[in-house]
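Engineer: Residue numbers (my numbering), protein chains in the order written: chain A, 56 to 222; chain B, 7 to 524; chain C, -16 to 637; chain D, 1439 to 1924; chain E, 6 to 105.
FYI, nobody ran anything at the bench for these hints, they're computed from the structure. Check each hint, because a few of them may be wrong.
The calculated DSS-like cross-link candidates involving lysine-lysine, where the alpha carbons are at most 30 Å apart (straight line), are [to be verified]:
#1 C:145 to B:461
#2 B:38 to B:461
#3 B:117 to D:1879
#4 E:31 to D:1889
#5 B:117 to D:1479
#6 C:8 to B:451
#7 B:62 to B:118
#8 D:1479 to B:118
#9 C:602 to D:1479
#10 D:1879 to A:219
#11 E:92 to A:219
#12 C:146 to B:451
#13 C:146 to C:7
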Amino acid sequence: METLFFYLVAGVAIVSAIFVIKCRNPINSALNLVTTFLCLAVFYVMLESPFMAAIQIIVYAGAIIVLIIFVIMLLNFGKTIKGRYMHGAAGAGLLSVLMLLVASQFVRFGEATGTGGEITSAVIDEIGHTELIGRALFLDFVLPFEIAGVLLLIAILGALILAKQKV
Amino acid sequence: MADNLLSIMTFLPLVGMVALLFIPRDNEAMLKGFALAVSLLTFLISLPLAFDNVFKTSGGMHYREFYEWIHVGEFFQMNYNVGVDGISLWLVMLTTFIMPIAILSTWNAVKKNIKGFMAMLLLLQTGMLGAFISLDLFLFYIFWELMLIPMYFLIGIWGGSNRIYAAVKFFIYTAVGSLLMLVGIIFVYYYAVQSGSPVSGFGVAEFYQLDIPYNAQFWLFLAFGFSFAIKVPIFPLHTWLPDAHTEAPTAGSVILAAVLLKMGTYGYVRFAMPLFPEALHTFIPFLAFLSVVGIIYGSLVAMMQEDVKKLVAYSSVAHLGFVMLGLFALNMQGMAGGMIQMINHGISTGALFLIVGFLYERRHTRQISEFGGLAVKMPVFATIFLIITFSSIGLPGTNGFVGEFLALMGAFESNLRWFAVFATTGVILAAVYMLWVYQRIMFGKVTNPANEDIKDLSAREIVIMLPLLLFVFWIGIYPNTFFDKMNPALEQLIDQMNNQVAVVEVVQPTVANVLENK
Amino acid sequence: MYGNLWLIPFFPLLGAIINGLFGKKIKNEAVIGGIGTLMMVLSFLVAVQNFFRLLGDTEKVHEIVLASWITVGNLQVNWELLLDPLSAVMILVVTGVGTLIHLYSIGYMHGETGYYRFFSYLNLFAFAMLMLVLGGNALVMFIGWEGVGLCSYLLIGYYYEKKSASDAAKKAFVVNRVGDFGFLCGLFILFWALAGNGVWTINFVEIAANAHLLESGGALITIVTLAFFLGATGKSAQIPLFTWLPDAMEGPTPVSALIHAATMVTAGVYMIGRMNILFAMAPSTMMTIAIIGAATAFLAASIGFAQNDIKRVLAYSTVSQLGYMFLAMGVGAFSAGIFHLMTHAFFKACLFLGSGSVIHAMHHAYHHAHLHDDPQDMRNMGGLRSKMPITYWTFLLSTIAIAGVPLFSGFFSKDEILWWSFGSTAGHPIFWIIAVCVAGMTAFYMFRLVFMTFFGAQRTDARAKDHIPESPWTITVPLMILAFLAVVGGYVGVPKILGGSNHFGNFLAPVFGHAQELHDLHAHGSHAVEYTLIALSVSIALFGIYMAWLMYMKNPALPAQFTARFAGLYRFVFNKWYIDELYDFLFVNPCKRFGTFLWRIFDVKIVDGIVNGSAWVFKGLGAGLRYTQTGYMYNYAVAMVVGVVVIVGFYVFG
Amino acid sequence: MENLVQEAIQNVNLQAVMPSLILTVAGMALLLVAVFSPRGKTIHVAWLSIASLVVAGIVTIMGWNDTQFGFAGSVQLDNFAAFFSMICILAAGLTILMSDEYLKRENFPVGEYYPLILFTTAGAMWMVSGTDLITIFLGLEVLSVSLYVLAGFFRDQERCNESGLKYFFLGAFSTGFLLYGMALLYGVSGTTKIYDIGAYVQANPDVTMNIMFIAGGLLMLTGFFFKIAAVPFHMWTPDVYQGAPTPITAFMSAGPKAAAFAALIRVTFVCLEGMQDHLTTVFWVLAVLTMTVGNLIALSQKDLKRMLAYSSIAHAGYAMVGLVAWNEIGMSGVMFYMLVYTFMNMGAFAILILIGRRGEENLTLEGVSGLGYKQPLLGIAFCIFLFALMGLPPTAGFTGKFYIFAGAINAGFIWLAVLGVLNSAVSLYYYLRIMVHMYFKDPQEDFSWVKIYPATALSIVIAVAGVLYLGVVPGALMQFAKMAGF
Amino acid sequence: MITVTHYLLLSAILFAIGTFGVLTRKNAIVVFMCIEVMLNAVNLTFVALSRHVGNMDGQIFVFFVMTVAAAEAAVGLALIIAFYRNKESLDVDDFNMLKW
């Protein structure tokens, strides 16, 4: 049952990802992208990480895609989709397949040995995923958290400077 | 003063150069005068060396100076470690002696940017002196490379029509060699360190004591020898020389011929040969062969030149062939001959370049065909030219003879006998090309109208040539002045090269691993 | 005791320096010439003094060390002079003849531009020559050896505005250099060989003392001596290096007399004499020397037949006479060789000076008549006997002397050589035969010269013929003195068989005796044989004279018919056997072509081509790689992915 | 709940992030200053940011030799970090010095520019001091994002947009690989703290056989290779360097590159030590490729900025030689070289700023013909930098190269060293060509537009001083580099 | 039973697809989206591994990756806009002024 579900969602994710590339129109690509994101959110849920699923939807589907679509609209995409919209598909495809081969190789024959952490499903059920995240975030990863803040500041600043119409 | 005379002598030109930069560039007389004064002062400072009899008694290093310079824990250490012995002594003297002459020779030759020109000359002098007195390989390398920079500009800015090509070629060609040598230098150092031998920085004195296994020596000698061979230059690495010489301004050519080429031969004597004696014995036949080829080849090519300066340039290839042959004889006669021949070449060929310079200043051409019959117009010039010509041919009584004679005699004594026989034919060829060019330039009737009102040498020019003539005869008639101080050092060197018998290295330092599978 | 020996070379050197530096200022010819001659006179006096001192001395070999020169390791070379009978004779000849020729030059060179230059060079030459003969070791000798070469270069090229002159000068020096190559090689090998036996020296006396260390007749000593002999051939114009001497006649006549007849060209002979011990040890070398000598004598004489230039005839006769001397050396008749060297110096100098006087006169005449005929061509002369009697008589006497007419100096010296070449242990009758033929030829062409110049109808241009003067005293006095010597000079060495007691030979015995008895080199044979030989040689000489008289006095048409008959042979001889052309073809041109090839093709194209080529390759690579940088972002991405795939894949699958 | 707060507070150790903290705070403050300062008046912002840099520098130096851990092991301010921080501060300082007049000339004087540089520097510091993959990653991103902005700073200049975009896309793309690698490493070791990863590898060595570990390490390194512009991850460099504002180009070539090297060294020597055999080979090949490609392509360049871009690729190659050595000398060599490179390369770019016209169309070889005569001092300075870049004594370039090659040779990589020196021989040609045009050709134009901006001139003077000082008496700083190794 | 390997494979596939898109698409915005796909693939890896490993670090990492993604989105799109203003184009082929 779960297996079936996994394959189903995985299929959807992959197909929509392919369509991101396939679609001539950026809007459609964006919508397909949303689908992919949602599938991933589903997987996060399956991986007992509801908080991740949540921010996946909020940040990606909610923020980034919206931003993208805004931009597309802003730059009235109409004239940007004439003519060929892809190039070197053959070579790039071959390359990607090769990479996939390499990846599958180390995924299949390498093993993730770092197991044995104390956060088991039981622990998650007991404490709750969000709190665990919170603890980790504020106990161990305070500094990255702060840095992330700076990063966002820079992003805003950059967007401001670059996209401002006139100085 | 006396205890750091060498440093004062070496860095005075550098200081002078810096001071020179503050002289307004339009005040040409002052610029020239100042540069000349600095070089003369340097010469005066260096004079005590020549008169110091300590060199007659001991062949070791004197006027030592030793300061710690770069010490990075166990990583590496370099020291400011200088001194002179009977070998470097005369080359130092040659340098300080040639420099004022070179500066004086450019009095009217150089028109544009005299300030830069003089500055470059002074910088060059510091580089040359430093290279001769360095006893620390790292220090030596610094000065060695330092010489490239001013020479590059001298050729490139004040050179002839094809100067850019010549300058870049000179720079890169010589740099390639020295960079390989750098690898060799570092290798030797870590070899010494890792094999637990005592070292003081990159001091050669300690490196002499190393027992480097043969295969390592082989590659090291290759690295060092290649770099020096380019500088000498040994056939077939000589092609940068004609270009550089032809394009360089007179002073540049003079210094290039008189001193810079000696860097290569000196490098062999001081570093390549005593550091890697076993490999040396492998390479000697090869190098001797190349030297002999250089002698004959250089002479034949020189014979057919149409440009006087190119001719002189190729003749230096031949002359330095004698030097190398003498050195590789590895006996007193040969090495002393080689050493004295270095000085001779400095004087004779330097003088020849000056002479070409005189002609060029008057006629702005170096084509032999442009001249002819000058002997009538300029008798003094003719006389001086003749004397220099014969000193370059190696006429007994002039300096050239002593050097060639001893070098060849040494070669005959050593097992290079057959090379020496062929080298001796160079004696004939030298006469052929020198006399031929002399005939074409000086003899005959004045055919080219441009030579009709050509002027004889001015007082300045004669003053330039006189000291050179003095030494032409001095070395020719009483060379013992120089041998007295040279011999102890040479004896020590030869002993030390012979004492280094092959010792099987027990612990193989990691640096040498790479050579194992060679 | 011989402390003032150094003065002998010193005076000429002084003269050379004075004239060289200040001659230009002095201007006054009398002063310049005076200084030059005076210096020679002084050194002659010193030479005479030392000579007699040596005569009276029991100890015959004296070395005087002036200063150290080169001290390197075991090699110790000094500035040292060596006075022994041999060098004593030589210094007498050199200074004596030299003085006369200096005196002669004062008049002869009158009015030449660079008068001071001439005397300076001439003095310098004297200095070098004296160093050569007095040199106590091979190196000092070599200084003189090359020094005379230098001076001959300078003096031949004295009229350097003439292409032919400067060419001749260059040729002379270069050919000499070829010889020097031999000399040096010999010296080096000798030094090495002795050093191998623990003797580090190039001092003549020590060499002589230690020569026994080397295997007599061995390959080594043969090579050494052959090398030295090569040097000798260069200096003394023997086959194969004789071609420079005739060209050397471009120089002023006194030069030809001093350098190319009396002194320098005999240096080779002297050198062999100096090293006689070594040569005596190498019989095969001796044989070679004898053969070369004989061959040269014959070759040169034959060429002498056909020359019309008065000086060239003399030049070839010189070569031929030198051949004689070498023949003498080769058969071990060292003292005879030196003896002939001396007598030859007298009469040949006289002949040259005489010809000079003639040329001088002719030149004067032509100059006076504003003609540009060749003053040296005998075909323009004739009948000068009446015009210039002194010249004529002196010339005649010397000619008789060289022709080997009995009771004249040439007779004694030449005859001794002939006798040795026949009877010496190292000799062979064939040598004698050749030598005798040469004697006849010599007599023939010398008298041909005399007849064409002084006798017969005056062929000089009518406008000029009345202006041919006798030369001034500075010219005639030396002529007379030399003529006198040419006549009596032989009496110092009258052989026993002719009732003399060969003083000359005995005097030189300390030098040569040792080697001669060591390797028993002596002429043997009965008096009868000797007498017959003398008779034969004399008669042949007279026959030669007769032929000359026949062809050039009795019916001057003969030569024309003769040349017409043997046109080919004549041309061959006239063109000096095409030796020069041969050398050009064999050595000179190939060298030039090879040099050009090395430069234009090998050096520029190949050696430098590789250098520039490598630079070009790198640039090319750069220019190519540059286009990987397409500017298209996704290409860059591709590159990255490829990098990742390769790097990771390599280890993941590896 | 309380104890959690206590724990959280205990974890905090501001000492460990003081320099970057200073810069960040200063940056934010200066943003406000910039906002409230009139248009075009940015000079005071520049000086204030320099001041903050100086303070940060002082703090860093004061922290020398006393290592600070903090934030539960996600950051560690040790000598190593301090040394590289100083390099970044230096680079930032020089950049700011040479920026102000430049911005005015290019007619885009925007005050936010300086805070961005400060943030970049702070990011670089987090990168060099981070001991947690997350910190390193975030530092890297701070660095990159602000550099994207700076590279595309002149929004109305096409080449700026282009360089910004290329940098952005390729940067983000490489980030993907970097993250993938980190993910794998995390999966293999179960932690993101690099010292724990190192410990884990120590504990069970067989992990080095685990291809997931190997792949993870390599993928992560490719991310850093991208930043240091190692072939084949170098291709963004020429375009971005050419298009970006020159001071930013200078900065990119020095500060971020140094930071990337620092992070590279740290992760390599801390958690990937087990992969030495593999990595040595990888570094070997990449070093040779990088040197060679960089030098060869530079040979055929006419545009000076682009030429220097390629040369910076080549120099990255030299620096990698130090990594191949895999010993202390090599590591310290890299540090020293980065310092040296900061001086010489930024100096060279500063010169380009001065001799450039508005829009910098003239920065070609022909553009500098005869410069040496019209602007003697600039000429001399430029020559010094070029000789340094060639690696000729008595300049710092030589001592730096020496240090690195010494490391390689000490470890027995003779042939690598030989290839290295041969490469620098090749590189001579294009550096010489610049001088050929400056001195051996006659002036085409009078360079009347060249004004010696005081601040930029100051930066040049500093650079010259540094190059000569490190060239003649490098002992002291070599010693520091030695102490900074771990 | 779904193991971590499944997730890793899935993310590998997504990663490859993303790469393919970056390499092939001309439209700058779509290229950007493809990069997002890649990042998401990595995120999936992180979460899967973090569950497999049994600690939170991985998910924290994802958290930050999302932040970064957001930041990059802002800056990147701003750059695209600026470029578009100058060149009236979103085609990656059109930014190759700088080459060779």
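Engineer: Against this structure, judge whether each hint is valid.
Structural biologist: Here is how each hint holds up against the structure:
1. C:145 to B:461: holds (22 Å)
2. B:38 to B:461: holds (24 Å)
3. B:117 to D:1879: Within the cut-off at roughly 16 Å; holds.
4. E:31 to D:1889: Violated: residue 31 (chain E) and residue 1889 (chain D) sit about 43 Å apart, past 30 Å.
5. B:117 to D:1479: Violated, because 49 Å separates the two Cα atoms, which is more than 30 Å.
6. C:8 to B:451: holds (24 Å)
7. B:62 to B:118: violated (46 Å)
8. D:1479 to B:118: violated (45 Å)
9. C:602 to D:1479: violated (47 Å)
10. D:1879 to A:219: Distance ~45 Å between residue 1879 (chain D) and residue 219 (chain A) Cα, so the pair is violated.
11. E:92 to A:219: Holds - the C-alpha atoms of residue 219 (chain A) and residue 92 (chain E) are around 16 Å apart, at most 30 Å.
12. C:146 to B:451: Answer holds: residue 146 (chain C) to residue 451 (chain B) is near 8 Å, not above 30 Å.
13. C:146 to C:7: Cα-Cα ~25 Å, so holds.
The structure fails hints 4, 5, 7, 8, 9, 10 (numbered hints given earlier, in ascending order).
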